[in-house]
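Work out the full structure: start from the sequences and follow the hints.
Protein chains: 2
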Amino acid sequence: MKVLKTHKTFGGLTRFWEHESTSTKTKMNFSTFTPPGELRGCLIWLSGLTCTDENFITKAGAQRVLAEKGLMVICPDTSPRGTQLPGEHDSWDFGSGAGFYVNATTPGYRDHYRMYDYVSQEIYAIVQKDFGIDHTMISISGHSMGGHGALILGLREPEKFRTVSAFSPIVNPTACPWGEKAFTGYLGAESRASWSEWDACELVRAGRFHPREILIDQGTDDNFLEKQLLTDNLVRACEGTKQKLKVRFQEGYDHSYYFISTFIADHL
Amino acid sequence: MKVLKTHKTFGGLTRFWEHESTSTKTKMNFSTFTPPGELRGCLIWLSGLTCTDENFITKAGAQRVLAEKGLMVICPDTSPRGTQLPGEHDSWDFGSGAGFYVNATTPGYRDHYRMYDYVSQEIYAIVQKDFGIDHTMISISGHSMGGHGALILGLREPEKFRTVSAFSPIVNPTACPWGEKAFTGYLGAESRASWSEWDACELVRAGRFHPREILIDQGTDDNFLEKQLLTDNLVRACEGTKQKLKVRFQEGYDHSYYFISTFIADHL
Chain C
20 MKVLKTHKTF
30 GGLTRFWEHE
40 STSTKTKMNF
50 STFTPPGELR
60 GCLIWLSGLT
70 CTDENFITKA
80 GAQRVLAEKG
90 LMVICPDTSP
100 RGTQLPGEHD
110 SWDFGSGAGF
120 YVNATTPGYR
130 DHYRMYDYVS
140 QEIYAIVQKD
150 FGIDHTMISI
160 SGHSMGGHGA
170 LILGLREPEK
180 FRTVSAFSPI
190 VNPTACPWGE
200 KAFTGYLGAE
210 SRASWSEWDA
220 CELVRAGRFH
230 PREILIDQGT
240 DDNFLEKQLL
250 TDNLVRACEG
260 TKQKLKVRFQ
270 EGYDHSYYFI
280 STFIADHL
Chain W
20 MKVLKTHKTF
30 GGLTRFWEHE
40 STSTKTKMNF
50 STFTPPGELR
60 GCLIWLSGLT
70 CTDENFITKA
80 GAQRVLAEKG
90 LMVICPDTSP
100 RGTQLPGEHD
110 SWDFGSGAGF
120 YVNATTPGYR
130 DHYRMYDYVS
140 QEIYAIVQKD
150 FGIDHTMISI
160 SGHSMGGHGA
170 LILGLREPEK
180 FRTVSAFSPI
190 VNPTACPWGE
200 KAFTGYLGAE
210 SRASWSEWDA
220 CELVRAGRFH
230 PREILIDQGT
240 DDNFLEKQLL
250 TDNLVRACEG
260 TKQKLKVRFQ
270 EGYDHSYYFI
280 STFIADHL
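Order-wise, the sequence lines are chains C and W. Heads up: the first sequence at position 7 corresponds to 26 in the numbering used here, and the numbers run straight through without jumps. Heads up: the second sequence at position 246 corresponds to 265 in the numbering used here, and the numbers run straight through without jumps.
Read the hints as simulated data drawn from the structure, not as lab findings. All clues given are correct.
Identical chains share a label here; the pair holds if one copy fits it or two copies do between them.
With a cut-off of at most 25 Å between alpha-carbon atoms, the simulated SDA-like pairs for lysine to any residue come out as follows:
1) K24 <-> Q269
2) K24 <-> K246
3) K24 <-> L244
4) K78 <-> D240
5) K21 <-> D240
6) K265 <-> E176
7) K78 <-> R34
8) K246 <-> L23
All of these numbers come straight from a predicted model, not from anything done at the bench.
Structure (structure tokens):
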């Protein structure tokens with residue numbers, strides 16, 4: 020693990036890292052903020068389509084709150100980089116910058132696009148081994164595609180994460196255009212039955228749940244709400260199940276980091 | 020004045036604007052944040068080399084504090100855009116993105132690069148007319164080249180600005196490579212005697228002062244401190260004059276917006 024850049028921030032350190040990933044068989048980048056003083060816990064933050072390890076750490080204004088609470092954050096990049104797979108760089112909502120936090124099974128992609136394992140195993144291990152965080156003090160959150168990632172990680176492996184939350188998550192990727200395109204490319208149209216393993220609504224319907232209430236913040240002026248995010252589908256899926264869910268529809272807010280910066284303190 | 024984008028933020032509005040400038044004879048962009056509720060005052064923020072109207076409003080984390088205090092901020096772009104002057108787009112520290120907040124006198128540049136007038140007259144008037152701010156409630160601050168801009172505006176027209184502050188300012192442009200290059204291009208090598216009108220150290224030496232103490236935050240790990248920013252020159256220039264100055268050398272901080280985000284609340 021190599022530090023690329025360090026910036027002192029609120030008495031702590033914002034850092035950008037590079038390492039060789041065994042999951043993706045590529046170099047991977049992530050950013051961290053570590054607070055001054057005692058380190059009490061860690062948030063794993065998963066970013067959305069087109070994002071990198073930079074967006075959250077630059078725009079969310081989280082460092083102030085993390086420093087106060089003695090928490091760190093780790094923000095992985097959203098896909099492998101530097102590979103040349105068929106169609107990988109042709110569109111902003113598939114391939115590079117759009118890993119969707121699944122383990123791909125299609126030719127080519129299955130060799131590198133294993134973002135689920137990358138986060139749930141490698142990033143999760145780095146937090147413990149390299150930063151000394153106890154496994155009971157690791158939470159997960161994310162935005163949009165990264166909100167989807169946080170939800171499926173929290174539902175599939177609830178014992179690993181203290182809390183699960185999301186901003187503007189894609190809650191039902193098997194039923195929206197972004198998810199259809201990504202899952203077709205990463206999992207294959209012929210394997211459609213298996214897609215439900217990577218869909219928060221389907222996981223809840225199959226009886227998976229996280230023991231704590233999941234917090235979701237969703238802007239009402241979000242252009243993607245109606246066709247891509249489908250927040251209400253998760254509300255309905257959770258009804259009558261063991262999964263407690265608190266969705267806060269925030270009046271007038273959109274899909275941007277201005278929205279995230281406004282409410283991030285509640286997620287920390 | 021046309022709104023290009025609006026994002027609800029901390030109950031207020033982050034907006035991006037475009038208008039026709041009479042000073043630069045070009046379209047100009049600026050961003051604003053206006054808080055919810057009563058509007059009590061305005062900070063004019065001037066950004067540094069290579070920046071646009073986006074950097075501060077995206078990265079400084081100021082909206083939270085502005086919303087609490089009932090203050091707005093207005094962030095002009097750092098130069099005219101869309102012109103094709105000799106050498107304008109050849110380097111990052113001169114021409115586009117690097118207006119240096121002077122009124123240029125050299126051929127070509129004098130027709131458009133009038134950033135001093137643009138800020139001190141046009142932006143200053145917009146704040147009053149379009150946002151209803153009283154002229155006694157307008158302050159100015161900035162970063163690096165924009166810190167230089169804030170200092171010379173505050174020293175040349177102290178009656179206009181309630182407070183003057185800066186992060187990592189270029190305090191003595193006539194004595195550093197960035198300033199030499201910019202002033203040669205905008206003012207001409209043959210007019211070197213006139214350069215002092217646009218240099219904070221020289222203005223203080225000539226007896227100019229702002230009635231309030233000027234606050235400067237300067238990181239000790241700032242790569243540009245020694246050769247470009249020359250903070251100590253302003254400390255020495257102010258000694259024995261009417262200009263009160265508080266420089267806080269912040270241990271371990273660099274030239275980035277991570278630094279600005281850490282201390283911006285003290286400037287508001």
